[in-house]
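**Q** The listed protein sequences derive, respectively, from chains W and F.
Heads up, the first sequence is in our numbering, so the first residue is 1 and it goes up one at a time.
Heads up, the second sequence is in our numbering, so the first residue is 1 and it goes up one at a time.
Misleading hints may appear alongside valid ones.
To be verified - Here are the computed distance ranges between Cβ atoms for each label pair:
no., chain 1, residue 1, chain 2, residue 2, range
1, W, Arg125, F, Arg220, 37 to 47 Å
2, W, Lys377, F, Thr403, 38 to 48 Å
3, W, Arg247, F, Thr398, 57 to 67 Å
4, F, Lys243, W, Asp389, 19 to 29 Å
5, F, Asp35, W, Gln311, 46 to 56 Å
6, W, His117, F, Arg37, 46 to 56 Å
7, F, Gly355, W, Asp155, 36 to 46 Å
8, F, Thr403, W, Arg247, 42 to 52 Å
Hints are computed from structural coordinates only; laboratory data are not their basis.
C-beta: ideal position from N, C-alpha, C; glycine also.
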Amino acid sequence: MRLLIAILALPLCAQPIYDILIRNGHVIDPANGRDARMDVVITGNKIVRVAENLPAAHAREVIDAGQFYVTPGLIDIHTHVDAQGAQLNVNPDHNCLPSGVTTAVDAGSSGHKNFEHFKRLVIDRSQTRVLAFLNIVGAGMYGAVEQDVFEMDPDAAAAMIRKYPGIIVGIKTAHFKPPGWDAVDRAVKAGTLANVPVMVDFHPMEKYPELVLERMRPGDIDTHFYGRLTPQLDANKKMQPYILAARKRGVLFDVGHGSGSFWFRIAVPAIQQGFLPDTISTDLHKSSIMLPRANMITTMSKFLNIGMTLQQVIERSTIRPAKAIRRSDIGTLSEGAIADVALIALDRGKFAYLDSGHGKLIGDRRLRCALTIRNGKVVWDEQGLSLTDVSRAGPYSNFK
Amino acid sequence: MWKLALFLIATFASAQNYDLLIKSGHVIDPANSIDARRDVAIKGNTIARVAPDIPTAEARKVIDASGLYVTPGLIDLHAHVYGYSGSIFPDDTALTTGTTTVVDAGGAGYRTFDDFKKTIIDRSRTRVLALINIAGGGMTGSASEDNVADMLPDKTAAVIKANRDTIVGIKCAHFSHPGWDAINRAIEAGRLAGVPVMIDDKIFTNAGRHSREKLLDRMRPGDLHTHVFNDRQLEVIDRFTGKLQPWILEARRRGVLFDLGHGGGSFLWPVAIAAAKQGFYPDTISTDLHSSSILIPQSDMPNCISKMMLLGMTLPDAIARSTVAPAKAISRYPELGTLSEGTLADIGLFALRDGVFAYKDAWQKKMLGTKKLECVATIRNGRLVFDTEGRGFPEWTTAGDYTVIP
Numbered sequence: 001m002r003l004l005i006a007i008l009a010l011p012l013c014a015q016p017i018y019d020i021l022i023r024n025g026h027v028i029d030p031a032n033g034r035d036a037r038m039d040v041v042i043t044g045n046k047i048v049r050v051a052e053n054l055p056a057a058h059a060r061e062v063i064d065a066g067q068f069y070v071t072p073g074l075i076d077i078h079t080h081v082d083a084q085g086a087q088l089n090v091n092p093d094h095n096c097l098p099s100g101v102t103t104a105v106d107a108g109s110s111g112h113k114n115f116e117h118f119k120r121l122v123i124d125r126s127q128t129r130v131l132a133f134l135n136i137v138g139a140g141m142y143g144a145v146e147q148d149v150f151e152m153d154p155d156a157a158a159a160m161i162r163k164y165p166g167i168i169v170g171i172k173t174a175h176f177k178p179p180g181w182d183a184v185d186r187a188v189k190a191g192t193l194a195n196v197p198v199m200v201d202f203h204p205m206e207k208y209p210e211l212v213l214e215r216m217r218p219g220d221i222d223t224h225f226y227g228r229l230t231p232q233l234d235a236n237k238k239m240q241p242y243i244l245a246a247r248k249r250g251v252l253f254d255v256g257h258g259s260g261s262f263w264f265r266i267a268v269p270a271i272q273q274g275f276l277p278d279t280i281s282t283d284l285h286k287s288s289i290m291l292p293r294a295n296m297i298t299t300m301s302k303f304l305n306i307g308m309t310l311q312q313v314i315e316r317s318t319i320r321p322a323k324a325i326r327r328s329d330i331g332t333l334s335e336g337a338i339a340d341v342a343l344i345a346l347d348r349g350k351f352a353y354l355d356s357g358h359g360k361l362i363g364d365r366r367l368r369c370a371l372t373i374r375n376g377k378v379v380w381d382e383q384g385l386s387l388t389d390v391s392r393a394g395p396y397s398n399f400k
Numbered sequence: 001m002w003k004l005a006l007f008l009i010a011t012f013a014s015a016q017n018y019d020l021l022i023k024s025g026h027v028i029d030p031a032n033s034i035d036a037r038r039d040v041a042i043k044g045n046t047i048a049r050v051a052p053d054i055p056t057a058e059a060r061k062v063i064d065a066s067g068l069y070v071t072p073g074l075i076d077l078h079a080h081v082y083g084y085s086g087s088i089f090p091d092d093t094a095l096t097t098g099t100t101t102v103v104d105a106g107g108a109g110y111r112t113f114d115d116f117k118k119t120i121i122d123r124s125r126t127r128v129l130a131l132i133n134i135a136g137g138g139m140t141g142s143a144s145e146d147n148v149a150d151m152l153p154d155k156t157a158a159v160i161k162a163n164r165d166t167i168v169g170i171k172c173a174h175f176s177h178p179g180w181d182a183i184n185r186a187i188e189a190g191r192l193a194g195v196p197v198m199i200d201d202k203i204f205t206n207a208g209r210h211s212r213e214k215l216l217d218r219m220r221p222g223d224l225h226t227h228v229f230n231d232r233q234l235e236v237i238d239r240f241t242g243k244l245q246p247w248i249l250e251a252r253r254r255g256v257l258f259d260l261g262h263g264g265g266s267f268l269w270p271v272a273i274a275a276a277k278q279g280f281y282p283d284t285i286s287t288d289l290h291s292s293s294i295l296i297p298q299s300d301m302p303n304c305i306s307k308m309m310l311l312g313m314t315l316p317d318a319i320a321r322s323t324v325a326p327a328k329a330i331s332r333y334p335e336l337g338t339l340s341e342g343t344l345a346d347i348g349l350f351a352l353r354d355g356v357f358a359y360k361d362a363w364q365k366k367m368l369g370t371k372k373l374e375c376v377a378t379i380r381n382g383r384l385v386f387d388t389e390g391r392g393f394p395e396w397t398t399a400g401d402y403t404v405i406p
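With these hints in hand, go ahead and build the complete structure from the sequences.
**A** As structure tokens, then:
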């Protein structure tokens with residue numbers, strides 16, 4: 001009897017106070033197979049419950065998500081960020097959080113010589129979770145030095161990665177012009193030493209099959225997949241068999257939209273043949289955010305309008321990239337996970353999208369991020385869903 | 001001979017005289033009193049013609065602006081793109097909001113202006129102008145901003161005179177000591193260089209300075225007070241009676257200008273509502289955009305304009321206070337802030353959306369409205385740099401094996 005009372009009392013005693021209850025949104029959480037109307041509870045900086053019909057009375061703050069999809073905070077695994085706007089890089093918070101992106105992976109801005117500077121200046125100062133692919137070039141992505149093979153030291157790179165596990169999540173090789181495998185091989189060597197994936201931006205054209213079938217390892221990531229420098233389609237716009245073979249052996253294909261690497265005339269036929277990207281990402285920088293509007297939410301909208309389902313798009317923007325960088329603790333709404341959440345609206349109407357060549361696709365749907373929660377805090381709230389109306393604000397006696 | 005003449009006539013008749021034609025938009029160009037459907041033709045980087053119907057055959061590239069408002073590129077008189085810890089690189093926030101000119105409000109002082117020019121001004125596609133800080137080290141915290149010994153009117157004026165193309169005035173901000181030292185020195189530098197001063201000043205106990213004296217006795221006609229709707233900076237509304245301070249109107253009559261400077265702390269709905277009810281609006285609309293105002297309050301230019309409209313301002317009036325009024329305040333009129341033929345082609349294309357929108361103030365309280373101004377495209381220096389609806393580009397299915405379409 002006593003035991004029975006104890007059992008009955010347990011749920012009441014254990015009832016936590018919710019900091020934020022995101023109510024009645026359509027939860028899409030591919031990592032946990034969720035795709036239904038549910039409530040999401042945040043306490044502190046953690047997701048504590050995801051279930052139907054949770055009591056609003058227990059919440060300090062209720063956000064009505066009836067009109068929105070509720071997804072894990074998005075993960076953009078190909079960005080170029082710098083809080084001060086160095087070179088082509090952009091401020092992560094201003095350009096990621098309004099897109100629902102809570103994790104931005106910088107794709108090789110810094111190498112082992114300047115990563116710690118990058119960490120102090122950008123990673124440590126951003127609200128966005130900034131992770132990094134370390135450039136195999138010691139001095140990073142800063143022009144002529146990228147062609148210098150002697151700047152590519154696998155041991156030094158691997159040592160830096162081991163020093164910051166989970167923050168440096170991989171190696172990047174990019175922009176190497178000479179023929180030959182120097183850059184790729186050294187990047188892969190560093191990746192093997194440190195046990196992390198390599199993101200490859202290298203375009204050997206006729207030798208591309210060797211790159212994806214022999215040089216890259218399963219789990220390595222080929223980015224800029226729908227660009228003009230990747231021989232993914234034959235003259236009849238059919239997928240090349242070596243791409244399919246590479247996927248079968250575990251090579252991942254990433255979007256990396258950018259200002260040069262996403263073309264409807266390539267992406268549409270590839271996707272129509274069923275070749276979806278493994279990960280959706282932006283290659284966010286000063287130029288790509290302008291005409292092609294390659295921020296995350298617009299890039300996702302493009303794939304939606306090409307014909308992917310919303311679930312496919314969300315999966316490739318959350319748990320798939322998380323797994324690609326071996327951080328499956330993020331990109332989910334699992335109970336106990338850090339509370340990174342996006343509320344996404346699906347607008348219907350007539351919308352136009354430009355690709356890297358400024359070709360236009362007219363579509364009938366648009367994704368828009370209405371609200372972003374990062375580490376349990378509302379950091380973007382376009383529609384004021386979490387804010388009090390001025391008519392009920394009372395006197396403005398205290399600052400904020 | 002007449003054959004040649006005919007050939008020439010035929011050539012001219014079909015000639016593409018213009019590089020870019022903005023077709024069928026509703027032009028709001030307050031400086032030229034235009035508020036009507038007009039076409040705007042651009043040649044090179046210059047506005048060549050504004051007329052009711054310019055044939056599309058005369059242009060190499062046409063942007064269909066039907067349903068959109070076409071305005072001079074907006075001028076944000078209070079931006080932070082250098083020095084200040086929350087400053088942001090201008091292009092990704094300005095050009096995406098129809099803002100083609102930003103005026104950095106005091107990030108650099110006379111010691112740091114050269115670095116500002118080299119690292120930001122010369123590398124931006126946005127036109128970046130500057131109000132130079134009277135504090136020699138710029139807006140880098142109290143060690144610089146309270147250091148009266150380094151507020152040197154003659155050195156500041158000398159840097160202004162050497163950089164008249166980019167420095168348009170002086171900023172005096174965040175001075176946390178009692179007395180008039182900072183303001184007096186800023187105004188003295190303004191007098192030496194013949195430029196206006198923008199003041200950002202806090203009310204605090206024992207400051208030894210009162211807004212009334214500042215506005216009526218210290219500031220000159222043409223000087224600006226920013227953060228006008230923040231009652232901790234300038235008590236526009238008497239906090240006990242709710243009435244507009246009489247000396248605010250007196251200051252306006254003398255020619256002191258009031259700037260919005262929304263920012264992360266300086267736009268409060270109760271103050272703005274009370275002021276608007278009594279007919280008091282800012283002379284210039286500006287953002288004070290920085291890392292704490294960009295995300296939750298979203299104080300970008302189109303949002304600030306939408307907020308002013310929610311307070312009762314008409315769209316043409318709000319555009320005037322975002323284009324020609326700031327241009328005049330910094331003596332850049334008539335070369336900036338208009339769509340006059342012969343001026344540089346800096347243009348914004350905007351949609352006025354219907355719906356329910358939340359407008360958030362600096363205290364993160366919202367007011368709901370039913371109209372929202374949204375930038376659809378931006379032309380800077382004659383080039384289409386931003387185009388969310390692809391109005392200037394063909395559908396990919398019709399473009400063949402296209403490379404980058406200009």
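**Q** None of the hints should be skipped; say for each whether it holds.
**A** Status of the hints after comparison with the structure:
1. Arg125(W) with Arg220(F): 37 to 47 Å: holds (39 Å)
2. Lys377(W) with Thr403(F): 38 to 48 Å: holds (44 Å)
3. Arg247(W) with Thr398(F): 57 to 67 Å: violated (32 Å)
4. Lys243(F) with Asp389(W): 19 to 29 Å: holds (25 Å)
5. Asp35(F) with Gln311(W): 46 to 56 Å: Once the Cβ atoms are compared, 48 Å apart, the range 46 to 56 Å for glutamine 311(W) and aspartate 35(F) holds.
6. His117(W) with Arg37(F): 46 to 56 Å: For histidine 117(W) and arginine 37(F) the Cβ distance comes to about 54 Å; the hint holds.
7. Gly355(F) with Asp155(W): 36 to 46 Å: violated (57 Å)
8. Thr403(F) with Arg247(W): 42 to 52 Å: Cβ of threonine 403(F) to Cβ of arginine 247(W): about 28 Å, so the range 42 to 52 Å is violated.
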